[in-house]
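**Q** Residue numbers (this note's numbering), protein chains in the order written: chain A, 1 to 734; chain B, 735 to 915.
Derived by calculation from the structure, the hints in this document are not laboratory data. Heads up, a few of these hints could be off.
[Said to hold, decoys possible] With the C-beta cut set under 10 Å, the calculated list includes, among others, these residues of chain A facing chain B:
#1 475
#2 476
#3 477
#4 478
#5 479
#6 488
#7 491
#8 492
#9 495
#10 550
#11 553
#12 558
The structure presented is a predicted model; accordingly, all values stated were derived computationally and were not measured. Idealized CB from N, CA, C, for every residue including glycine.
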Amino acid sequence: MPSLPDLSAALGDQVLLRHLQVSVVDDAGIILYVNDRFCDASGYTRDELIGQRSALLSSGRHPEDFFRTMWQTARSGFDWRGEVANRRKDGSEFWIELTVVPLPGDGDAPYCYVGLGSDITRLVEAEQQFRHSEARFRGLTETISAAVFLHQGERLIYANRAMERISGYSRDELLGMPFYQLARPDAQESLRARAAARLRGEPVAPIYEVPIRTKGGDIRWLEVTATRIDYDDGYAALGTAIDITERRQAEAAQRHIQQVLQQIIDGDPVPTFVIDAEHRVTHWNAACGLITGTPAARLLGTRLAWTGFYDTERPVLADLIVDGDIEARIDSFYGNFYRRSEVIPGAYEAEGFFPRFGTGGRWLFFTAAPLHDDQGRIIGAIETLVDITERKEAEAALRNAHAELETLVERRTAQLAQAKQALEEDVAKREASEAELRRRNAELVEVNARLQETQEQLVQSEKLASIGQLAAGVAHEINNPIGYVQSNLTTLERYLSDVHAVLAALDAAAAQLPPEHPAAQEVARLKQERDFDFLLEDLPDLTAQSQEGIDRVRKIVADLKDFSRLDSGQDWQRADLRQGLDSTLNIVNNEVKYRAEVVRDYGALPEIECLPSQLNQVFLNLLVNAAHAMPDGERGRITLRTGHSGSDADERVWVEVADTGRGIAPEHLHRIFDPFFTTKPVGKGTGLGLSLSYGIVQKHHGQILVTSQPGQGTTFRVVLPVRQPSQTKEGTTP
Amino acid sequence: MAEHPLPRILLVDDEPHVLSALQRLLRRELAGTAQVEAHTSPRAALARALEVPFALVVSDYRMPELDGLAFLKAFSELQPRARRLMLSGVTDFDVLVSAVNDVGLQRYLIKPWDDREMADALAAALADQAKDEEARRLADERRGELGQLSAEELERRRLEAEEPGITQVRRGPDGAIHLDD
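Given only the sequences and the hints, what does the whole structure look like? Please build it.
**A** Following this line, the structure appears as structure tokens:
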């Protein structure tokens with residue numbers, strides 16, 4: 001048993017131990033010896049450490065069990081090894097890998113214990129760093145749906161949540177088992193061998209499919225992508241796996257379908273063949289072989305589908321579909337005997353006659369449809385054949401029957417055409433008569449309208465006629481007194497001049513008498529008394545005024561007759577409108593003179609062909625309206641103007657009646673010629689005046705124009721042709 | 735035939751004032767060239783026409799007994815050589831037409847008349863009539879000289895001229911002479 005100093009010397013001299021932190025403690029844990037390295041690492045001096053309990057350096061990180069286990073192991077005479085976190089004098093932590101070696105003492109219990117520590121602080125920190133990034137790695141891998149796992153050839157050392165989900169095992173369960181145990185038993189060995197090879201760095205396929213058995217016993221297929229990574233001074237296999245069970249099932253189903261399809265096509269009594277995108281025949285069923293006389297064995301895998309039908313090379317319908325340019329080429333191969341399928345998109349139907357088949361040849365009806373992959377690309381075409389020979393023959397028979405029928409129909413059609421023509425003529429006649437009827441109706445409507453207008457005129461003319469008759473009768477009666485009064489007045493004037501002459505003689509005779517003569521005195525007295533000088537002087541005035549009065553009466557009566565003109569039978573005649581205006585003015589003077597001053601501004605006017613009395617009525621209406629247009633209590637002005645324009649057939653005259661009255665509101669302007677339209681108070685106007693005037697002017701082939709400025713006045717202008725068309729006069733002469 | 739009596743003018747109008755006015759006018763204008771007679775009754779005028787010859791007759795149209803046309807027509811049968819004029823306020827076209835066509839009117843004068851026009855018209859008519867009469871008288875004389883007219887016929891014409899209708903004696907079935915109708 002060496003003494004402690006010996007031990008110290010022995011330990012201190014050991015070059016190999018210089019890099020280790022060496023300490024010696026007794027059974028009670030009291031530090032007996034520390035080397036320099038220990039002092040450097042802990043930050044304590046040797047004096048501060050010797051005699052202290054080793055617990056001085058404890059970081060408190062380890063549980064009590066940890067050191068208890070250490071002491072029990074060492075006291076039992078066994079070496080103890082572990083990683084220990086110690087605390088320096090300054091409070092910071094450092095990690096050592098500590099090996100405790102018990103040195104045997106005198107009795108059973110060891111004499112002392114030698115601790116050999118190497119600093120692993122950096123390692124631990126790296127590990128912590130690694131753990132930290134591992135945590136991040138886990139966070140990442142936990143969230144992805146693919147299963148992620150890590151192993152080093154045996155036990156799984158990492159598995160993410162997706163792995164749990166796919167396998168049905170919990171993470172703890174997974175981390176306890178070798179990775180290959182997850183595989184279906186028959187696949188476990190090959191999986192293990194593959195992983196081992198990968199970890200050895202041998203080239204192994206990075207992606208493979210493997211069946212696993214889940215905790216529930218189901219078989220699921222995983223597609224695994226694995227790679228070798230550096231791990232803990234060695235290698236690990238990092239794998240991701242996705243569950244492809246459904247895909248595999250679908251693929252299996254597909255294979256199944258293909259098998260079924262094969263069986264269907266082969267067993268189908270309908271002759272059917274299929275070519276792929278390269279025009280290679282992939283199916284040629286028994287029925288097809290039968291009808292074409294070409295067995296499947298000769299065609300499968302070749303591009304010779306056409307040989308089943310034709311003697312010389314040409315594409316069949318399926319070939320055209322596969323080529324994708326069927327639209328452009330089908331005409332040249334099938335003429336009129338093809339059409340687009342109404343039920344299958346992209347499919348075509350065609351028919352043809354094949355003298356090679358059967359006895360006397362067969363008619364075949366083809367249907368070819370494209371086969372697409374899931375991207376829509378044409379990957380082949382399927383074509384079926386139907387023997388339509390019988391149908392064709394039936395059709396031919398039908399055609400014959402049809403032809404016979406057609407001749408019959410043609411005969412009947414001819415008969416029908418005749419009947420139709422007759423009918424059409426009938427219809428045409430009826431249409432014509434309908435049109436005629438419509439025309440007549442339109443005429444009737446127009447005639448009716450004219451009749452109404454005429455009726456209105458008639459009513460007015462009737463009134464006028466009675467006035468005229470009255471006037472004529474009155475005129476006759478008045479003309480008698482006018483006649484003799486007027487004549488008498490002329491005579492009276494003559495008489496008076498005679499009387500003057502005689503008086504002059506008498507005066508001369510009387511002058512011969514002496515003034516005192518009683519006769520002379522009597523004459524002078526009488527003359528004085530009777531104001532004889534004035535009398536003589538006044539007589540010419542008296543007769544002249546009487547003449548003037550009777551002349552005026554005569555004119556009024558003449559105008560009255562003029563106006564009515566009943567005696568002239570309303571003949572078209574040539575007349576000067578100015579006279580008509582004047583006589584009309586005389587008639588209405590009473591109505592007008594208190595309301596307006598009348599200004600005549602006549603221009604030269606030729607006589608025109610007209611119905612003067614009717615035109616006079618127009619003027620009367622215009623004049624009366626003009627007078628009535630004057631605001632109450634104001635005396636306005638009415639200006640009458642005449643003029644003429646044009647020459648020969650186009651020669652026209654115009655008469656204008658312009659007033660300074662209230663004017664016509666714009667909204668009334670277009671209605672003023674409407675029958676019964678009036679703005680005068682009830683009872684003041686019939687509303688017929690202007691419409692009647694309008695009718696009269698129209699009868700004269702003239703126009704009546706109006707311009708009006710509310711508040712300023714209104715101007716009516718009547719424009720009339722100088723000569724009437726010949727039929728006008730004939731038509732209305734009584 | 736030493737002395738020619740003044741030609742007679744017959745005025746007929748139911749309005750006496752018209753007649754007197756006309757008489758005044760004619761007395762003044764035609765003094766010494768014609769005698770004027772006036773009747774308010776057309777019948778009376780016709781009766782008078784049986785008594786004396788008239789160079790002119792001027793009639794109104796509208797009269798209560800007989801209208802001017804009927805009167806002038808009757809008058810023209812009695813004295814066809816008298817010039818017929820009408821003076822009326824009536825200017826009916828129909829009246830005018832029948833006055834010209836049926837009555838052979840020389841002139842239609844309108845009431846109220848113009849004195850000057852009236853006087854001139856009557857003077858012209860008178861002159862016209864006088865010229866005709868003179869031509870006729872000369873022709874008769876010439877025919878007498880040539881023996882184409884008997885003295886008896888000449889006398890008859892003379893009498894007829896002075897007393898119209900005197901030669902046309904109407905007898906009743908019993909031989910009585912009708913002097914009135």
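**Q** For every hint, state whether the structure bears it out.
**A** Checked hints:
For residue 475(A), the interface hint holds, the least distance from its beta-carbon to any beta-carbon of chain B being 6 Å, beneath 10 Å. The interface hint given for residue 476(A) is met, as the beta carbon of that residue sits about 4 Å from the closest beta carbon of chain B, less than 10 Å. This hint holds: residue 477(A) has a C-beta 8 Å from the nearest C-beta of chain B, less than the 10 Å allowed. Here the hint on residue 478(A) is kept, as its CB sits about 8 Å from the closest CB of chain B, short of 10 Å.
Here the hint on residue 479(A) is kept, as its CB sits about 3 Å from the closest CB of chain B, short of 10 Å. The beta carbon of residue 488(A) comes within 5 Å of a beta carbon in chain B, closer than 10 Å, and the hint placing it at the interface holds. Taking 10 Å as the C-beta cut-off, the interface hint given for residue 491(A) holds, the closest approach to chain B being about 4 Å. Among the interface hints, the one on residue 492(A) holds; its C-beta lies about 9 Å from the nearest C-beta in chain B, closer than the 10 Å criterion.
Taking 10 Å as the C-beta contact cut-off toward chain B, the hint placing residue 495(A) at the interface holds, the least distance being around 8 Å. At a threshold of 10 Å, the smallest CB-CB gap from residue 550(A) to chain B is about 8 Å, leaving the interface hint in force. Against a cut-off of 10 Å between C-beta atoms, the interface hint on residue 553(A) holds, since the closest Cβ of chain B lies about 9 Å away. For residue 558(A), the interface hint holds, since its Cβ comes within 10 Å of a Cβ in chain B; the closest pair sits about 9 Å apart.
Consistency with the previously given hints is maintained throughout, with no hint failing.
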